[in-house]
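Undergrad: Given only the sequences and the hints, what does the whole structure look like? Please build it.
The sequence shown begins at 36 in this note's numbering and counts up one residue at a time.
Where hints are given, some of them may not hold.
Said to hold, decoys possible - Below are the EDC-like pairs computed for lysine to aspartate or glutamate, each with C-alpha atoms no more than 20 Å apart in a straight line:
{"#": "1", "residue 1": "Lys-91", "residue 2": "Glu-125"}
{"#": "2", "residue 1": "Lys-91", "residue 2": "Glu-186"}
{"#": "3", "residue 1": "Lys-91", "residue 2": "Glu-57"}
{"#": "4", "residue 1": "Lys-91", "residue 2": "Glu-151"}
Please keep in mind that the hints were generated in silico from the structure rather than gathered at the bench.
From a predicted model like this one, the values you see are computed outputs, not experimental measurements.
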Amino acid sequence: MTEARIAPMEPPYTEAVATALERLMPAGVPPLVLFRTLAVNERVFSRMLAGGLLDKGTVSLRERELVIDRTCWRCGSEYEWGVHVAFFGERVRLTPEEVQGLCTDDPEATPFSPRERLLLRLCDELHASATVSDALWAELAREWTPSQLLELLALAGYYHAISYVTNALRLPLESFAARFPINPSPPDSSRGAGASS
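TA: Okay, structure coming up:
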């Protein structure tokens, strides 16, 4: 693994950073490398985290995580994908087959329900073209409200940005985090190179 391009902040933290890290992390869990790296620029740290959507939203926790995980995989961000699968995979009852399916090019070849496959297709279209086709939008609009659709779009966009940051900084993978499945599907040109390359 290549060394991170920007060293993460180490203690002692400023009061603002310490407070934010305590709020972000469960008790007894050390702050993520991503958070400590963003904290090198306190303005970026505070603004990036203010834009997060990990609070209770209009879509289910499972739907949120499917969008996050699929987006991070499409962007090749093993760092962020692995953190989310580790922290939320069990809570949203992701099976090993579903974890594998998140990293499969063809959403129809996954073990997800037809409704959940729509979320994978949404992430795939956004990643490939930065928009959503009329046909897919019509399918999505039959399943989710306008408010929920806005949240799904914002989630995919936010985690695209997070993936850019984790990949460009070459953040080391967290020791507890999940890893991309081995050869889940052939690499394609619409997916990034990955944080560990």
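Undergrad: Against this structure, judge whether each hint is valid.
TA: Hint check results:
1. Lys-91 - Glu-125: Given that 20 Å is the threshold and the Cα spacing comes to 17 Å, the pair holds.
2. Lys-91 - Glu-186: Holds, at about 11 Å.
3. Lys-91 - Glu-57: At roughly 19 Å apart (the allowed maximum being 20 Å), Glu-57 and Lys-91 satisfy the hint.
4. Lys-91 - Glu-151: Measuring from Cα to Cα gives roughly 19 Å; hence the hint holds.
When the structure is compared with the earlier hints, no violation turns up for any of them.
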